[in-house]
Amino acid sequence: QKEVEQNSGPLSVPEGAIASLNCTYSDRGSQSFFWYRQYSGKSPELIMFIYSNGDKEDGRFTAQLNKASQYVSLLIRDSQPSDSATYLCAVSAGGTSYGKLTFGQGTILTVHP
Amino acid sequence: EAGVTQFPSHSVIEKGQTVTLRCDPISGHDNLYWYRRVMGKEIKFLLHFVKESKQDESGMPNNRFLAERTGGTYSTLKVQPAELEDSGVYFCASNRGGETQYFGPGTRLLVL
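Sequence lines, in order, name chains A and B. In terms of the numbering used here, the first sequence opens at residue 610 and continues consecutively. In terms of the numbering used here, the second sequence opens at residue 43 and continues consecutively.
These are calculated hints, taken from the structure and not from any lab test. None of the values given here were measured: they were computed from a predicted structure. Hints are supplied without guarantee of correctness; some may be wrong.
What the hints assert, rightly or not - With a cut-off of at most 30 Å between alpha-carbon atoms, the simulated BS3-like pairs for lysine-lysine come out as follows: (1) B:K120 with A:K651; (2) A:K676 with B:K83; (3) B:K57 with B:K86; (4) B:K83 with A:K651; (5) B:K86 with A:K665; (6) A:K676 with B:K120.
To be verified - What follows is a set of in silico ranges between Cβ atoms, one per label pair, in the way DEER data are often shown: (7) A:I627 with B:E110: 40 to 48 Å; (8) A:Q689 with B:K120: 37 to 45 Å; (9) A:D636 with B:P103: 14 to 22 Å; (10) B:V54 with A:N662: 42 to 50 Å; (11) B:P50 with A:S691: 25 to 33 Å; (12) A:P623 with B:E125: 21 to 29 Å.
What the hints assert, rightly or not - Some but not every residue of chain A turned toward chain B, in silico, with C-beta under 7 Å: (13) G708; (14) K709; (15) F712; (16) G713; (17) Q714.
Ideal placement from N, C-alpha and C gives every residue a C-beta, glycine not left out.
Next up, chain A with everything else stripped away, as it sits in the complex (with noise of 0.2 Å):
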């Protein structure tokens, strides 16, 4: 089992939809999650952190954490055509790992016009 699991995609929607991502993570002892976007060729690039269970909404985005299912979501609404790119789900164990991030693989998320 992997540790942190996406749906590769890709997912493709059409522009002013709303499109969600997925993420589980296997470590219970997760502390911090984050959502970063990643243009083809370019760096990874932050989009959102969420450290607790609920709703975190920033502009067009929203992430949703659930501890208890191990399970952390990205909604984008009113999706552009900018916003295709390939999503990255990232967990932090905290602790002494308190640095390292554990990446999915990511999903590639294609919004057409």
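We have chain A already, so just place chain B on it with the hints.
The following block gives chain B in isolation, referenced to the frame of chain A:
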């Protein structure tokens, strides 16, 4: 403020040769991380420096990899001797502590 920089952007070497990758973190960032993404796989953690000390090197694949951060500023990652399976993109990231990790553009390494 300049971001994380990495050099070279690309490197093509033959199996058995040595390659040294460099990372310059954002100024003032004590934490520096190395990650690697091999073809078709997820980004994987290699190690974490706090200033010049190795905080966590649990992800280093074997003793052909040597990371240093003399003086707590830039870091180098040396692969000696390189093998075919070392091909991939090597990312460096930095932060002050407990914050977002800012990633560099990566070094694309191809071992032939």
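These are the hints, each one checked on the structure:
For the given pair, K120 (chain B) sits about 22 Å from K651 (chain A) by alpha-carbon distance, which is consistent with the 30 Å threshold. Restraint check for K676 (chain A) and K83 (chain B): satisfied, since their Cα atoms lie roughly 25 Å apart, inside the 30 Å limit. Of the supplied pair hints, the one linking K57 (chain B) and K86 (chain B) holds, its CA atoms being roughly 22 Å apart against a limit of 30 Å. Straight-line distance between C-alpha atoms of K83 (chain B) and K651 (chain A) comes to about 16 Å, which keeps the hinted pair within the 30 Å bound.
For the hint linking K86 (chain B) to K665 (chain A), the alpha-carbon distance of about 26 Å falls within 30 Å, and the restraint holds. With a C-alpha separation of about 39 Å, the suggested pair K676 (chain A) and K120 (chain B) falls outside the 30 Å cut-off, and the hint is violated. In this structure the hint that I627 (chain A) and E110 (chain B) lie 40 to 48 Å apart at CB holds, the actual value being about 46 Å. Separation of Q689 (chain A) from K120 (chain B) is about 42 Å and conforms to the stated range, judged on CB atoms against 37 to 45 Å.
Taking 14 to 22 Å as the suggested C-beta distance range, the pair D636 (chain A) and P103 (chain B) conforms, at roughly 21 Å. Taken as a hint, the range 42 to 50 Å holds for the pair V54 (chain B) and N662 (chain A), whose Cβ atoms sit roughly 47 Å apart. As the Cβ distance of P50 (chain B) to S691 (chain A) is approximately 29 Å, the hint placing it in 25 to 33 Å holds. Checked against the hint of 21 to 29 Å, the C-beta distance between P623 (chain A) and E125 (chain B) comes to roughly 45 Å, which is inconsistent with it.
A distance limit of 7 Å between C-beta atoms decides the matter here; for G708 (chain A) the minimum to chain B is near 4 Å, and the interface restraint holds. Restraint check, K709 (chain A) versus chain B: the minimum CB separation of about 5 Å is within 7 Å; hint holds. Against a cut-off of 7 Å between C-beta atoms, the interface hint on F712 (chain A) holds, since the closest Cβ of chain B lies about 4 Å away. For the restraint placing G713 (chain A) at the interface with chain B, the shortest Cβ-Cβ distance is roughly 6 Å, inside the 7 Å limit, so the hint holds.
Because the closest C-beta pair between Q714 (chain A) and chain B is about 4 Å apart, less than 7 Å, the hint holds.
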